[in-house]
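**Q** For reference, the chains in residue letters:
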Amino acid sequence: MKISLTLNGAPRELDSAPLVRLLDALRGPLGLTGTKEGCGEGECGSCTVLLDGDPVNACLVPIGQCEGRAITTVEGLGEMAHLSPLQRCFIDEGGAQCGICTPGMLISAEALLRRVPDPDEPTIREALAGNLCRCTGYQRIVESVRRAAELLREGAAR
Amino acid sequence: MSLADLHFFKMTREPSLDALCAVVAERHAQGLATILYAGGTDWMVEQEMRAPLHDEPPLVVDIGRMGELRGISLAGDSLRIGAGTTYLELERSAVVQARAPMLVRMAKDVGAVQIQARGTLGGNLATASPAADGVAALAAYDATIVVKSARGERRIAMADLQTGYKKSTRAADEIIVAVELAPPPEGSPWYWRKVGARRAQAISKVALAGVAVVENGTATRFGVGMVSVAPVTARMATTRALVLGKALAEITAEEIDHAVDQDVTPIDDVRSTGEYRSHVARALTRDLLRQLGARV
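Sequence order for the protein chains is C and F.
Mapping to this note's numbering: the first sequence position 126 is 329, numbers consecutive.
Mapping to this note's numbering: the second sequence position 25 is 444, numbers consecutive.
It should be emphasised that the hints constitute simulated quantities derived from the structure, not laboratory data.
The reader is advised that the hints may include incorrect statements.
Said to hold, decoys possible - Calculated pairs, DSBU-like style, for lysine-lysine (alpha carbon to alpha carbon, straight line, at most 35 Å):
1. C:K205 - C:K239
2. F:K665 - C:K205
3. C:K239 - F:K585
4. F:K527 - C:K239
5. F:K665 - F:K527
6. F:K429 - C:K239
For reference, chain F alone in the conformation it holds in the complex (with noise of 0.2 Å):
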């Protein structure tokens, strides 16, 4: 435990988004790490696990009401999500709700209410965890990360942002801004399961986000992000390839399987086993496939 700590911490606000740029990219540049905090539900835990601090912590910055990292908004046929979003502010917006509908779905099986009321999809991004149900949504919507630093502002493809166990390709002085995704038409099916010790207040086993547009039968459109199946979280490329392939009443339970199978690496830890996952991940995998129209 080292919550004594805590009293050691500076926090600053900065007025801008480029004010906040200029504050990582300088301490950056000296070799310093600026802890940019939102809803803190990672953070915060961390605390209590970490050894006691020998050197001058980092500097915190608040960035929880930061009006450039909040608001979202539909702009023809992308929405906005601001990188500050809270899991309750998902589930409570109309054009989330009408638009993105899965997202909200999700929310509500983060953590709970309090969890909900202050962790921030760019916090679940930021930390980059196989285990965080928000990115694996995002994946399933083939989102695009909106990052910032001094040196300019660039987009990364969700396909292209985790490299490995809490790894991405987001470099170090870059800020979470927002998301953007294109969302299906409204009606499109959509598909989000949680599997956990519990209902409510359970880190995922396994999760399965998918969403599709279905024309005469076949996926025009297909995406999914897994949760908690491989050090990164599973955009599952051979399943997309397989749904995407034929008409969905001709996808047999044995190829779902079978590319499921290529598609996760799922371990043994804490939660559950490699074996359960793979169960579980098939198992989903044919759910969602099954509402889309095939027979399996």
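Same shape as in the complex, but just chain C (with noise of 0.2 Å):
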């Protein structure tokens, strides 16, 4: 089958059997390893990206499904030399261990800030609540984000 869709602002086209998972097609056939696979049964969040603006397990959909989408991977957030605002945070405020979640983090936690820009602390744990990480015990996660919150507020007040 032959899907188009938008991945990080871009447009693409693969040729792809649709029930195969967004998660394989990104790492595969599109190129793009910064999703990880953790679970595989939507319960860890490593995987998440956002589709359409919000945020679902690539795990559990098909590829198929994605076309006329537009699909946001952790790769859309930022490049190395201009990390976005969360990015550069969950650096400074040791947001990352291992890494394997901070793809599905930060990818939850771009979609709550877009449409929440000052979240207190039940809410961005609610927002990353689908988003398991063994290594970090959230609280520094949650630091991240709200600093980048700040940041965001910052230079839109600017």
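Using the supplied hints, reconstruct the complex from the two chains, each of which is provided in its own coordinate frame.
**A** Laid out in structure tokens, this is it:
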């Protein structure tokens, strides 16, 4: 099946069996390995990407359903030389450790901050509840998101 | 693991609900299954657990964006929610927030945001699991399920839907189109409490959904649905009769416990024990009735 979609803002086309998981299409033919596979059954959130702006588990989405839709992966948030505020804050605040959950955490946090510019701690924790981290204990991740929200608000106010 | 089999499935889309009904009917007549794929949060997980395919895989039809299965509308005293409505859409709907706030609260407890963005009310009804939070909420609202097939459209009351563990009166060729419910007056009391291993991403050990209308200390409308305490979503007929039969202040804890014991038949499984579930079922029901004015 020929599938046309928008990937990180750019139009892309691929030919794939339609029930292949978006996760496998991203990491294989689309060449974006930033999205990680954790549990493969929608529990851990490490494969979280944005589908038309909302976070989804790429392990549960068939590529055939992505026709005409917009996907954002961690590669779409920033570049090495121009990290997004969230990416920068995860580094500065110690929000990333082994790194497997980090792309999904960043994407879930991105979805939150697009809708809620000034989230309180329970709101951040709720938005990240579908992303499991086995390293940091979450507090530094929450702090990273809170700091990124501050930076974004300061940027918007300037 | 049989994810490799995903390469062999075909996926189509149909231009209308009638066209979809025709495809399902034709395949059904030939003894062929059709997978109606909305969010796929159950189906994709099942593929990992399934034995490898030996025969032609069933046809998958993508219904994720079929217009006739979507949309939320209030007409007179009837709130209609398309079966393809996701939990996230329920949460964001102004009309659902105003008229069926318990559905919004329930939706926030289904999985995490990633699951809420994909899972649909229709999918929850199709799987018909007694652990389905959405089905219990619809049971509390005494909703009606609209189904359609090539033979026509019909309505199934929630009370008549489930017949056994993951079994329902919906025929194999009937497509779940929408749910309809009569919302209580704005500001009416409602209740949703889910007990799971963790606050998010947990399947319920027990959950209780309730809606009520209380006039002069007596419930004139009372609907409940309880999750994971019976082979089907528990509608709790004995408890409903107790609550509707007398002034709330006169209902005793003993009467509530006795009624709940009549209404649930919980079992031990991977998530909990029958004993714990019985205890929680009684505690949640007392908590609900306390909030309505019972002195328990």
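**Q** Please go over all the hints and tell whether each is borne out by the structure.
**A** Okay, the hints, checked on the actual structure:
1. C:K205 - C:K239: holds (24 Å)
2. F:K665 - C:K205: violated (64 Å)
3. C:K239 - F:K585: The given pair, whose Cα atoms are some 33 Å apart, holds under the 35 Å limit.
4. F:K527 - C:K239: holds (25 Å)
5. F:K665 - F:K527: holds (33 Å)
6. F:K429 - C:K239: Holds, because 26 Å separates the two Cα atoms, which is no more than 35 Å.
Of the numbered hints stated above, the single one contradicted by the structure is hint 2.
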